[in-house]
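Q: Residue strings, one per chain:
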Amino acid sequence: MHRPPATPVARGRRSTLGLTSVVLVGALALAACGQSTSGAPGGSGGSDVRKQTLIIAENEPPATFDPVQADNSTVDEVSIPAYDTLVKYAKGGVIAPAVATEWTFSKDGKTLDLTLRDDVTFHDGTRLTATDVKYTLDRIGRLQMGVASLMTAYDSAEAVDDTHLKISLKQPYAPFLGALSRVYLLNSKLVQANAGSDDGRQWLAANGAGSGPYKLTGYTPNQEAKFTRHDGYWGGFTKQAKDVVIRYLPQAATQKTALSNGDVDIAMDIDPNDWAGLESGGHVVDKADTNVQLYVFFKMKDSPAADKALREAITYAYDYDQHQSAILKGAGKKAAGVLASTMACADPTVAQAGYDLDKAKSILDAAGLKNVTLTMSYLKATAEMEQAATLLQSDLAKIGVKVELSAVTYPQYVEMLKSNETTPDLGMIYGFPPYPDPDSVLHLQFNSKFINNGQNSGGYHNPKVDKLVEDAQKLTDEEARCALYKEAQQTIAADHPSINMSNPQYVTVHRKGLTGYAYDPAHHQTVDVYQVQVG
Amino acid sequence: MARFLLRRLVTSVIVLAGLAVVTFLMTQVLPGDPARTAAGRNATAEQVAQVRIQLGLDRPLWQQFTGYLDRLLHGDLGVSVFTQRPVLDDIAAMLPSSVELVLAAMAINIVVAVPLGVYAAYRRGRPADIAARLIALLGAAVPVFWLGLMLQLVFAAELRLLPLTGQLAFGQDVPRITGMTSLDALLGGNLPAFGDALRHLILPALTLAASFVAVVARTVRSSMITALDSDYITLARATGASEFRVVVRHGLRNAMVPASTILGMQLGWMLGSTVLVESIFGRTGIGAHAVAAVLQSDLYTVIGTVLVIGVVFVVANIAVDLIQLWLNPRLRRTKRRTGEPAVPALAEVNA
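So the protein sequences, as listed, match chains A and B.
First residue of the first sequence? That's -13 in the numbering used here, and the numbers climb one at a time after it.
First residue of the second sequence? That's 136 in the numbering used here, and the numbers climb one at a time after it.
By construction, these hints were calculated from the structure, which means they are not laboratory data.
Any given hint might turn out to be false.
Unchecked claim - Per label pair, the in silico range of CB-to-CB distance:
(1) A:Ser392 with B:Gly260: 50 to 56 Å
(2) A:Asp105 with B:Arg311: 35 to 41 Å
(3) A:Ala367 with B:Gln163: 23 to 29 Å
(4) A:Asp148 with B:His209: 43 to 49 Å
(5) B:Ala152 with A:Asp147: 55 to 61 Å
(6) B:Ala227 with A:Gly111: 48 to 54 Å
(7) A:Lys435 with B:Trp197: 32 to 38 Å
(8) A:Glu456 with B:Asp224: 39 to 45 Å
Claimed, not checked - Take a look, some chain B residues computed to stay more than 10 Å from chain A by CB distance:
(9) Leu141
(10) Ser147
(11) Leu151
(12) Ala155
(13) Met161
(14) Asp364
(15) Arg388
(16) Val450
As the list claims (entries may be wrong) - In silico DMTMM-like pairs for lysine to aspartate or glutamate, Cα to Cα no more than 25 Å straight-line:
(17) A:Lys228 with A:Asp514
(18) A:Lys37 with B:Asp308
(19) A:Lys450 with A:Glu464
(20) A:Lys404 with B:Glu293
(21) A:Lys37 with B:Glu293
(22) A:Lys460 with B:Glu181
(23) A:Lys320 with A:Asp342
(24) A:Lys156 with B:Glu181
(25) A:Lys435 with B:Glu293
(26) A:Lys460 with A:Asp99
(27) A:Lys287 with B:Glu293
(28) A:Lys366 with B:Asp168
(29) A:Lys435 with B:Asp168
(30) A:Lys96 with B:Glu181
(31) A:Lys156 with A:Asp514
(32) A:Lys212 with B:Asp224
(33) A:Lys273 with A:Asp288
(34) A:Lys212 with B:Glu181
(35) A:Lys120 with B:Glu181
(36) A:Lys228 with B:Asp224
(37) A:Lys120 with A:Glu88
Here a beta-carbon is modelled for each residue, glycine too, at the ideal position from N, C-alpha and C.
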């Protein structure tokens, strides 16, 4: 039984590189063979279809498509194309009509009357009525998850007729209207038909039940979500894409290559070092002001940081300018107080420390503080936090304050904040207001109700601030509300509960020829695809 | 044979049960609170408490555990606190794609590493041997992450020979039958999509395979050297058998026994290593899913994915044992007489 010597082994006798070439040729042949059958890469086979499709690169897939969880940006992003909301934030932080055309708060601030559009249809053709809105709100009230945390004041709703709805609140709560910008309206009949035993959570996790401009047509986990135009959309279409695809590409480097290749149209997570290169290569780098701030919260009890003089000295020891230029590469502003300057009622006169080592040292000397060692936790999630943590550590060393850094994950950090003993002396974290109402910062981050439970990370407790914020919630008169919020900001600034490190911008890079893209401060890290024109 | 299989199945069940217990206990020390994750970042204390009751996390640990074991015995891996879908459904959606990637990488691994090892052994000490070992070493030394990005830059961005990310080109669609894109395209009779899926598979599979090639090549090389030095090779040569027959039929068959053990273990490791590759190439997969679950303290998903990867390890081990029995008939006889374990020591195989 003799076989011809046609294996790599035999071939290798003739050439030392024989084997390698066989492997290489094999791989290339395979590649070429695939190529011949399916056309050029990047899908240029159907180039018209590609032009009519908006492809967005995003780094993290959503856990679910159930809009009840849209308090987090990945779920918010996939809810925006598929669902309508009652109201939305227009430019400048003003609440604008969407499905609701008019609304009035009662004098006592406890009931809200809304008038709805009568031409809104769900993707299955059913008309949206006040009953659907009531169902959506009640479902959030039952589940107590996700956006429910923004709507604790909700008590009940009554569908007066198809286009009129009356919402009753447990207590007067003016920011409620802003919170409605996160409530995505469900097709009540469709959800009820599929509700199962879990109020439709499992069904909605993978299916759409909305009336938005695009309907969900497919999801490949961790890979991409596909949407296609809902032709009955009440807003109509001009030059919006026919299809929208959100591709999940966790690596910034991959997003960059995909963008330069034309595989994606918008990328949300491009490395700052690549901005200039992409811009000169013909892409548009969109830098937008945000309501996001980076804070370091001081532990206010049983810690060296409980000493107000130490806290003040530290706020003067941080090099804010270097943070802007070196860490943010210019894409950000210095913080002015605890509220981002883009927020309504932000008080620009609030005292904000600048970099002044001499002043920091003299405050320490006056207070007789020496040999201070502090623990600090930060999240390793972003380059900004990592670099800011090291910068703060080296800046504080200059005034003789030693900082022990530890990088943690978000769940770890939340766990640490559960008791005062485990809370770090300094804790670095972003504040992402869920909607641009001052209440979502001053109440959620500085009300003593949230000490050891929620976002009051350092355990800040000032009864005056608590009262100001809670009183403001009851006022429907915007001017009067603002006055209280301004006083709260002044009071907080005097206590130095945090280093307000920066107010970073949000940078999106997209291809030329796309118009209408605009960062929406009310929906951080998302794209309002309906505003984008591809033609 | 049947008794052997039965014994392996029983031990496998014990191993998996142990794995379930250990992972359950380990998830208890994971930082983070599942109830808070589910309730959302801005949730109040009352809301978190209500969600905790909904999820049954307020009950004592032993009750949660026995409840979990009970469901596990009925094939129910629980419901993810984060996605709200049954853990099994999520895994079923993700696993086939990872398996497809692992199988492709394994194919590349075998096709490259085995000839490389055989060839290096055959030309032992010569420049060709050194070159082969260098190639293997290079593959193992280069970080997976970097290699993936470089392959993307060269083959996708510059040469435009292969697609950058994803599993199918834009506009291609295949029915979901097995969940493996290429197989589904083939089953659906869509040849262009099949070719496209293969092209999407090449770079990630190469990236995944690179670090495993060196180990297999080295194992094959060393056992091949032992084999080539043994008496039966001299005997085979003396009988006038062709060089190819001597090397492959007599030498490689014996050298493959230890190599198959390594390959079997690698199957499990590869599945665990899909995390980075899947994230670089934007592929669906269980690796990324497991990491996300840990970060979100989604305990049932964590246990579920660990168990599934465990099952793959166990199944691969049984398969390796069967392959070895087939490769080396002597093991069958030894085992029947003495009841020795099926995995032989290297010395015994090469004797």
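Q: Next pair to validate is lysine 435 of chain A with glutamate 293 of chain B; report whether the Cα-Cα distance is within 25 Å.
A: Violated. Lysine 435 of chain A to glutamate 293 of chain B sits at ~56 Å, over the 25 Å cutoff.
Q: Do the beta carbons of glutamate 456 of chain A and aspartate 224 of chain B sit within 39 to 45 Å of each other?
A: holds, 44 Å
Q: Next pair to validate is lysine 37 of chain A with glutamate 293 of chain B; report whether the Cα-Cα distance is within 25 Å.
A: holds, 22 Å
Q: Given the range 50 to 56 Å, decide if the beta-carbon distance of serine 392 of chain A to glycine 260 of chain B lies inside it.
A: Between serine 392 of chain A and glycine 260 of chain B, where Cβ atoms are some 52 Å apart, the hint holds.
Q: Regarding the pair lysine 460 of chain A and glutamate 181 of chain B, is the alpha-carbon distance no greater than 25 Å?
A: Given that 25 Å is the threshold and the Cα spacing comes to 21 Å, the pair holds.
Q: Is the hinted range of 23 to 29 Å satisfied by the C-beta distance from alanine 367 of chain A to glutamine 163 of chain B?
A: Because 24 Å falls inside the window, the suggested range holds.
Q: Cβ-Cβ distance between aspartate 148 of chain A and histidine 209 of chain B: within 43 to 49 Å?
A: Distance hint for aspartate 148 of chain A, histidine 209 of chain B holds at roughly 46 Å.
Q: Compute the least Cβ-Cβ separation between leucine 151 of chain B and chain A, then decide whether it is above 10 Å.
A: Holds: least Cβ distance 25 Å, greater than 10 Å.
Q: Check the hint pairing lysine 404 of chain A with glutamate 293 of chain B against an upper bound of 25 Å on the C-alpha distance.
A: Given pair lysine 404 of chain A, glutamate 293 of chain B is violated - Cα atoms ~51 Å apart, limit 25 Å.
Q: Is 32 to 38 Å right for how far apart the beta carbons of lysine 435 of chain A and tryptophan 197 of chain B are?
A: holds, 34 Å
Q: Within a Cα-Cα threshold of 25 Å, do lysine 228 of chain A and aspartate 224 of chain B meet the stated pairing?
A: violated, 31 Å
Q: Using Cβ atoms and 10 Å as the threshold, tell me whether aspartate 364 of chain B really stays out of contact range of chain A.
A: Consistent with the label, aspartate 364 of chain B stays out of reach of chain A, its closest Cβ about 17 Å off (over 10 Å).
Of the numbered hints listed earlier, those contradicted by the structure are 6, 20, 25, 27, 31, 33, 34, 36.
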